[in-house]
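Take a look at the letters that make up each chain.
There are 2 protein chains.
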Amino acid sequence: MSSDAPYLFLNGRIVPVSEAAISPFDIGLLRGYAVFDLLRTVDGWPFLLAEHLRRLRNSADALGLVVPYTDDEIAAAIDDLLALNNHHEATVRLVLTGGESPDGLSFSADTPTFFILTHELKSLPASVYESGGKLLTKRHRREVPEAKTTNYLTMLRHHDEIVDAGALDLLYHDGEHVAEAASASFYVVRGGAVFAPGDSVLWGTVGSLVLNLAEEQGTKVVLGDLRLEDALGADEAFLTSTTRGVVPIVALDDHPIGDGTVGPVTQELMAAYERALLGAL
Amino acid sequence: MSSDAPYLFLNGRIVPVSEAAISPFDIGLLRGYAVFDLLRTVDGWPFLLAEHLRRLRNSADALGLVVPYTDDEIAAAIDDLLALNNHHEATVRLVLTGGESPDGLSFSADTPTFFILTHELKSLPASVYESGGKLLTKRHRREVPEAKTTNYLTMLRHHDEIVDAGALDLLYHDGEHVAEAASASFYVVRGGAVFAPGDSVLWGTVGSLVLNLAEEQGTKVVLGDLRLEDALGADEAFLTSTTRGVVPIVALDDHPIGDGTVGPVTQELMAAYERALLGAL
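Line by line, the protein sequences give chains A and B. Residue 1 is where the first sequence starts when you use the working numbering, and the numbers rise one by one after that. Residue 1001 is where the second sequence starts when you use the working numbering, and the numbers rise one by one after that.
Hints are computed from structural coordinates only; laboratory data are not their basis. Model, not experiment: these values are computed from the prediction. Watch out, some of these pointers could steer you wrong.
Said to hold, decoys possible - Which stretches of chain B does chain A cover? Using the computed rule of at least three CB atoms under 8 Å from a CB of chain A, they are:
no.	region
1	1026 to 1037
2	1080 to 1090
3	1098 to 1104
4	1114 to 1128
5	1145 to 1151
To be verified - When the alpha-carbon atoms are kept at most 25 Å apart in a straight line, the in silico SDA-like pairs for lysine to any residue are as follows:
no.	chain 1	residue 1	chain 2	residue 2
6	B	K1122	A	K138
7	B	K1138	A	D199
8	B	K1138	A	G175
9	A	K220	A	A251
10	B	K1122	B	D1230
11	A	K122	A	L281
12	A	K138	B	E1176
13	A	K220	A	R244
14	B	K1138	B	G1198
15	B	K1138	A	T154
16	A	K138	B	R1139
17	B	K1122	B	G1166
18	A	K138	B	L1121
19	A	K138	B	S1200
20	A	K122	A	D160
Where a beta carbon is used, it is the ideal one built from N, C-alpha and C, also for glycine.
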């Protein structure tokens, strides 16, 4: 299998994908000790770059790792890579590991592995935005919720189950409170207000933008614990993600949210987010 | 940093470490979707090879992966590698990932990445076996307990804390029951019987052997839930691991186990395990 991008950035240099080599001794591979972030382009330009770089550094902090380049250096590398890889619209993946570990356990934060991959941006079918999607609830809490680590064991193990159910993603909860989707932030609307899970979730770049947009248009935003039963009994629900934007969620498992159609607050936020994307042009 | 072994086995071929390249698109790197196993040699020969290969296949099953070689093929690759790498005594690391993923999410179980690394076996100081060691308790449950995945986020994040406390490892529990150490199995002795946590733990190759040895010498073995308070109030405790064998544990955090010295049942099992190692010669 080959990627759709001929070049990548690896440890300071842009190299052809065919020549890019990660050591089998990399601790990101041997022990899953790695963080990443993923941003998208709008008309070819990185969107919310500063926010994604800030989150990447926060994720690195949580694992005692250090991003070995300045924001400007990373921005320049992304620009060079996008110019070479010639996507229509791209996602840009920044990956940081603890680097090589001769004994498979010890490593030095001073010699990390850092690389940048680009992919062609894939969009969800328009029908999902019109009719809404479903999430499968799953009892799980990410191991380091405040960091975007590369650990997607639970999501990938349930991939077939998600597809078979016609669902978009998993919604993680602890039996009592809702946290986040496996690859997205999750919010509900009750009585006209947006409720956002406060703890044990990754800070969402798009989610944060959308909550700001909600407040700007006079919608109340409530951060805090979100009970699973309150999510099930919500008027509306939606997820936010870098690649998918604002996506209406109309069912959790086989339980409809509200009347099972896309509600007015979600529609307003989808429109507001589209305007923000266009405003970035 | 370079490893102490000049060769490795990668996807069917033995290659110099300097020429071994893992793709940056490997799902084991991008999403931590990988399992492994680790065995040791005794006088240069793989110890408990069949048990380790069985466990590797079980781990693969749990993630929907398939080990792409027969036991005989893997045994031959290990033999070739050990002959080339010339260790005094080795650990052998078998790693299986979902293979390359062009989009960073999808992959095919038909095109896995499989490699074998060897390392020089490192032993604990003799004083640990004489005086016993300490574990730090940590509330955590591994995400797929029945599989030996590459996810060691929690252990590696607490590495400095473990070292600063003079401890050997973390002992995972859920607030009520004890499970396993981050890189070892854990057992306690109460009233002359060995108690082994039954669920939510990885099947231990050395642990299983040691429990058999215990029964052979007339020691009762009880499998089942092990309460944290019963571990704290135990007469003796020990861990088992491939690289470390049977290691007496005389403290959990700053709480001594029994009288804080290595007890008679643990001493018997350490001796029985040493005889089993010699018996493999």
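Hint check:
1. 1026 to 1037: holds (count 10)
2. 1080 to 1090: With 0 residues close enough to chain A, the hint is violated.
3. 1098 to 1104: Holds, because 7 residues of the region 1098 to 1104 of chain B bring their Cβ atoms closer than 8 Å to Cβ atoms of chain A.
4. 1114 to 1128: The restraint on the region 1114 to 1128 of chain B holds, since 4 of its residues have a Cβ under 8 Å from chain A and three suffice.
5. 1145 to 1151: Satisfied; 3 residues make the cut.
6. B:K1122 - A:K138: violated (40 Å)
7. B:K1138 - A:D199: Status holds; Cα separation ~20 Å.
8. B:K1138 - A:G175: holds (21 Å)
9. A:K220 - A:A251: Roughly 23 Å separates the two Cα atoms, so the pair holds.
10. B:K1122 - B:D1230: Violated. K1122 of chain B to D1230 of chain B sits at ~32 Å, over the 25 Å cutoff.
11. A:K122 - A:L281: With a Cα-Cα distance of about 19 Å, the restraint between K122 of chain A and L281 of chain A holds, given a limit of 25 Å.
12. A:K138 - B:E1176: holds (22 Å)
13. A:K220 - A:R244: holds (23 Å)
14. B:K1138 - B:G1198: holds (18 Å)
15. B:K1138 - A:T154: holds (21 Å)
16. A:K138 - B:R1139: holds (20 Å)
17. B:K1122 - B:G1166: Holds, at roughly 18 Å.
18. A:K138 - B:L1121: violated (40 Å)
19. A:K138 - B:S1200: Status holds; Cα separation ~18 Å.
20. A:K122 - A:D160: Holds: K122 of chain A and D160 of chain A sit about 19 Å apart, inside 25 Å.
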